[in-house]
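**Q** Once you have looked at the hints, place chain A on chain B.
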Amino acid sequence: MAIIELQQLSKSYWVYQKREGVRASLRSLFRRDYRAVHAVRGIDLTVEQGEFVAFLGPNGAGKTTTLKLLSGVLTPTAGQARVMQHVPWKRENAYRRRFALVMGQKNQLWWDLPAQESFRLHQHIYRIDRAQFRQTLDELTVLLGVTKLLQQPVRELSLGERMKMELIAALLHSPEVLFLDEPTIGLDVVAQHNIQRFLKYYQQKRRITILLTSHYMKDVSALCKRVVIIADGRIHYDGSLSGIVDRFSGHKIVTLQLAEGQDPTHLDRFGSVVEVEPPKARLRVERRRVPAVMAALLNAYAVEDVAVEDPPLEEVIAEVFLQADDAAAAAATAALPAGPR
Amino acid sequence: MRMSRSYLQVLLTFARNSFVRDTMFRTNFVLECVSSVSWTLMNVGFYLIVFHYTPLIGPESGWGKHQFFVFLGTTWLINSLVQTFFMTNADDYSELIRTGNLDFALLKPIDTQFLVSFQKVDWSALSNFFAGLILLAVSLGHLCTRPEHPLVITPWAVALYVVYVLCGVAILYSLMIALASTSIWLGRNQTLYDFWFYITNFARYPMEIYNRGWGVPLWVLFTFVVPVLVVVNVPARILAQPLYPERSLGWPLAAFALAATVASLAASRWVFQRALRSYRSASS
Chain B
1 MAIIELQQLS
11 KSYWVYQKRE
21 GVRASLRSLF
31 RRDYRAVHAV
41 RGIDLTVEQG
51 EFVAFLGPNG
61 AGKTTTLKLL
71 SGVLTPTAGQ
81 ARVMQHVPWK
91 RENAYRRRFA
101 LVMGQKNQLW
111 WDLPAQESFR
121 LHQHIYRIDR
131 AQFRQTLDEL
141 TVLLGVTKLL
151 QQPVRELSLG
161 ERMKMELIAA
171 LLHSPEVLFL
181 DEPTIGLDVV
191 AQHNIQRFLK
201 YYQQKRRITI
211 LLTSHYMKDV
221 SALCKRVVII
231 ADGRIHYDGS
241 LSGIVDRFSG
251 HKIVTLQLAE
261 GQDPTHLDRF
271 GSVVEVEPPK
281 ARLRVERRRV
291 PAVMAALLNA
301 YAVEDVAVED
311 PPLEEVIAEV
321 FLQADDAAAA
331 AATAALPAGP
341 R
Chain A
342 MRMSRSYLQV
352 LLTFARNSFV
362 RDTMFRTNFV
372 LECVSSVSWT
382 LMNVGFYLIV
392 FHYTPLIGPE
402 SGWGKHQFFV
412 FLGTTWLINS
422 LVQTFFMTNA
432 DDYSELIRTG
442 NLDFALLKPI
452 DTQFLVSFQK
462 VDWSALSNFF
472 AGLILLAVSL
482 GHLCTRPEHP
492 LVITPWAVAL
502 YVVYVLCGVA
512 ILYSLMIALA
522 STSIWLGRNQ
532 TLYDFWFYIT
542 NFARYPMEIY
552 NRGWGVPLWV
562 LFTFVVPVLV
572 VVNVPARILA
582 QPLYPERSLG
592 WPLAAFALAA
602 TVASLAASRW
612 VFQRALRSYR
622 SASS
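Taken in sequence, the protein lines are chains B and A.
Counting in our numbering, the first sequence runs without a single skipped number right up to 341 at its last residue.
Counting in our numbering, the second sequence runs without a single skipped number right up to 625 at its last residue.
It should be emphasised that the hints constitute simulated quantities derived from the structure, not laboratory data.
Some hints could be false.
Stated by the list, open to error - Once the Cα atoms are required to be at most 25 Å apart in a straight line, the calculated PhoX-like pairs of lysine-lysine come out as:
id, chain 1, residue 1, chain 2, residue 2
1, B, K218, B, K200
2, B, K148, B, K218
3, A, K449, B, K106
4, B, K90, A, K449
5, B, K218, B, K205
6, B, K106, B, K90
Quick caveat, the model's predicted, so the values are computed rather than measured.
So here's chain B without its partners, still in its complex pose (with noise of 0.2 Å):
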């Protein structure tokens, strides 16, 4: 059953354009020039219940400003929405209880106070009754080891001690909609690796939907099978994290180890080559052209061993960001009024 569903969904707004210099200071008490942004175009989407979907996009490609438009906290330009059959934007409370939204960089907890008297604030807004809550934050707190720190201000825990906190304040109310944002940002490994390890269990017991913004591979392999590509406010992917590879790279590396004595020179006639450290060699190589080139590279060269690899995947995606980006500055180009340019 679909638990997300997005039509042709848009946002722009208008950005003030601050001039360099205190002319331009002076000029813009009366005359503002404002730039529109296209945060996101008009995309189409949708979301089965129980699914965890990584959002994948450089920065300002629209991943945030979606995650917003669907928690009601913006309200679209145009385009439809409704998650568990709500439109989001009508801000009503039998929507908000079901959901809940963790932003990696910014921070709900009272800063002064131990957290958890912010988890009883939240235990009254949304009205959860005692017991549950009792066993909700006892449960969580386990989970994330965290039980320990409940009576210390929340402005003397560490950065991985407090996204702990915000992901159990978001979880209290035990929403069935889960949307993160960058929930593991500037965290070391060792927290990263936790977090990860937390919602990936949490998500499976509970069987809840997530949807996720991140900028770590590594938390996206770890947990989503699904991923959505989005720059320049369009969708350019959706699919499964190895599907990436096939559909956006048409190459394969391929690593030679050559037997003793063999010249690893003229390798560029089999295909680009990465890098050359005698024995070892690596060549990127067309991916429909790699069963010909192996044979060629094994009736030139005695080699002793030999792999042939997908392109890791960091390159993969930020070549799709970047040709995202030269598209979109090509249609910006296109779009500027004739005249002397």
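**A** What follows is chain A alone, placed relative to chain B:
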């Protein structure tokens, strides 16, 4: 019923959390109390000097020293209630808008205006509330024991006084929250404290002083457009009764004060909701 109980619980938790936070920084808390009360005492000193030179504020107005101190005590009660419950929140609201942290308030299944308006309670500002009560008690004591026409205060007058003090708080709150809401359109609005100072400056004197010359347009403006003149004047008149034994408060003014309260609350609600629709958050 369940809903109002839940709102009350949230309100009590806000008050409790604010108290816990204030006591964590106890020296700051004590200093804030001391500075508020010192300012208040200086105020009394200033008006004692004024009444050294004149027996009345405004000829034939009936606002003698003790009547005026009832007025001043009422000003403190209302101001301290506004400062305790709303001033910090209205000020924080502008900041929530600018930083995008209003996002969290919009996610909660509770009225956003309620959440934003009551989030913090500035307990130290309540010190002036007690100072106001003391000043009221002392001044009323003088008025009730004076040899000629000793003032009689009925329970009915006390009940009405409480209602109109709350009306005054509601009018000032409405002005503040509406002004703070404009931050959504303006991006930043730090004029709140200035505004508070200007407004309370006009509201802190009996309305008779605006009866002449240039005062008349000010009286019209601050009674009918921005109704701050009724905030203190109406409740203070009920208790101080400056023209006693004649009646000091006409029913039209009392009815107008009630209408102004309802209109102010409705107008501020409208501005708040309208502004929320234009909220565009801030960068992640």
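**Q** Going through the earlier hints one by one, which of them does the structure break, listed in rising order?
**A** Structure breaks hint 2 only.
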